[in-house]
Amino acid sequence: MSDLETLAPESATTTRGGVPAAIRHHYDASNAFYRLWLDDSMTYSCALWDGATAREDLARAQGNKLDYHLQNVAIDRAQRLLDIGCGWGSLLKRALAHPKLESATGLTLSDAQHSLLANERVERLHVRKESWITHQPSAPYDAIVSVGAFEHFARPGQSSAEKVELYREFFERCRSWLTRTGRMSLQTIAYGTLQPHEASEFINTHIFPDAELPIPHEMHLALRDVFELVALRNDREHYGRTCELWFQNLRKQRQQAVALVGETKVAQYEQYLRMSSFGFYSGKICLLRLALAPLPRRAATVAVPSDWGSPS
Amino acid sequence: MSKENIVSYIQHYVAQLLALEAREVQTDVEFASYGLTSSTAIALIGDLEQQLGRELSPALLFEHPTIEAMAEHLASAGGA
Numbered sequence: 005m006s007d008l009e010t011l012a013p014e015s016a017t018t019t020r021g022g023v024p025a026a027i028r029h030h031y032d033a034s035n036a037f038y039r040l041w042l043d044d045s046m047t048y049s050c051a052l053w054d055g056a057t058a059r060e061d062l063a064r065a066q067g068n069k070l071d072y073h074l075q076n077v078a079i080d081r082a083q084r085l086l087d088i089g090c091g092w093g094s095l096l097k098r099a100l101a102h103p104k105l106e107s108a109t110g111l112t113l114s115d116a117q118h119s120l121l122a123n124e125r126v127e128r129l130h131v132r133k134e135s136w137i138t139h140q141p142s143a144p145y146d147a148i149v150s151v152g153a154f155e156h157f158a159r160p161g162q163s164s165a166e167k168v169e170l171y172r173e174f175f176e177r178c179r180s181w182l183t184r185t186g187r188m189s190l191q192t193i194a195y196g197t198l199q200p201h202e203a204s205e206f207i208n209t210h211i212f213p214d215a216e217l218p219i220p221h222e223m224h225l226a227l228r229d230v231f232e233l234v235a236l237r238n239d240r241e242h243y244g245r246t247c248e249l250w251f252q253n254l255r256k257q258r259q260q261a262v263a264l265v266g267e268t269k270v271a272q273y274e275q276y277l278r279m280s281s282f283g284f285y286s287g288k289i290c291l292l293r294l295a296l297a298p299l300p301r302r303a304a305t306v307a308v309p310s311d312w313g314s315p316s
Numbered sequence: 040m041s042k043e044n045i046v047s048y049i050q051h052y053v054a055q056l057l058a059l060e061a062r063e064v065q066t067d068v069e070f071a072s073y074g075l076t077s078s079t080a081i082a083l084i085g086d087l088e089q090q091l092g093r094e095l096s097p098a099l100l101f102e103h104p105t106i107e108a109m110a111e112h113l114a115s116a117g118g119a
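Chains as they are written, first to last, in my numbering: chain A, 5 to 316; chain B, 40 to 119.
If you're looking for bench data, these hints aren't it; they were derived computationally from the structure.
With the C-beta cut set under 7 Å, the calculated list includes, among others, these residues of chain A facing chain B:
#1 R278
#2 M279
#3 S281
The following label-pair restraints were derived from C-beta to C-beta distances:
#4 A:E267 - B:Q89: 16 to 24 Å
#5 B:P104 - A:H221: 24 to 32 Å
#6 A:A58 - B:K42: 24 to 32 Å
#7 A:S119 - B:E43: 51 to 59 Å
#8 A:E267 - B:A54: 30 to 38 Å
#9 B:R93 - A:Q162: 38 to 46 Å
#10 B:E60 - A:E169: 44 to 52 Å
Coverage of chain B stretches by chain A, computed from C-beta distances (three or more under 8 Å per stretch; other residues unrestricted):
#11 76 to 82
#12 92 to 100
This structure is a prediction, so every number in the text was calculated from the model and none was measured.
We treat Cβ as the ideally placed atom computed from N, Cα and C, and that holds for glycine.
Start from the sequences and build out the full structure, keeping to the hints where you can.
Quick look at the structure:
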């Protein structure tokens, strides 16, 4: 039985594109618990190792990852940034080091993330507890980043066609919020060699309920004619490494972790982090980073005068 | 643990998972071809950690992808 079944049901309109109770189940476990094993910036997604970063240096690798996405969206010339699924705000804060940036807006469905960020009252940083389905920007953005949220958009049991339709809606909304020269950067876990029906029941029940990973071709179909895929990286080994370092951190802080969330939860997270690490190393799952540029909307069909087209 | 002991341990482990005889588990075949799931693979890593008394990385199964290669690595001094 899913842990979620004990929670109040939510209507379909509030669960499309990300189920709030499922988000809270995972991300509201305890900020102090996550602080024990994430890096100081509280970045909870795959890091990025370049040749200059030591294998053990998670903090620097997380910084590399944030910078990679900020470069993809040309943050130097951006004035308004949107981060869909902003976590505890590490990307927004890093972006605000760029003085030209007038506002950095983050969306999250997690109460814990929202209240922590809102209470910090960072200048130019706005955090909203809402989904991309309901977000209505007051002005266009010239940069949109989404890291580790896409995994939560679709739900188990949805057909591939339904997933593509939902992803397409997401990309179309993002395009409609971007300026013509705006840029988007996306990071998500996706299925590799693992088939959806082989996915771990343990992970689906206890760790990430009500979430369904994309299959890469579903993303390609959803992007078609909406965004140009400027660059695509599969950094699955980087996520294998990230999960391994998180696991090691959690092990080192085990007693404190148990005091915060209890033995059962700590054991579940140890299992989940190790299984994920193995899943990435083995290629069962992959980690995609996409740089995207909006394509112009097709103009409505223009009525062509009947005497056009035939040479006179 | 000696290399031979580690080979035998992993052979028996994989045999038990797949309901085979230990001698049917070839030591020069990639782990991937035995179809280990994420949970069985990390259970193997966890049990090996207990046997060897040190922490091991799930990446070992890819860096040393056969029983033979893994045992060789683990038996060598400081292999973690």
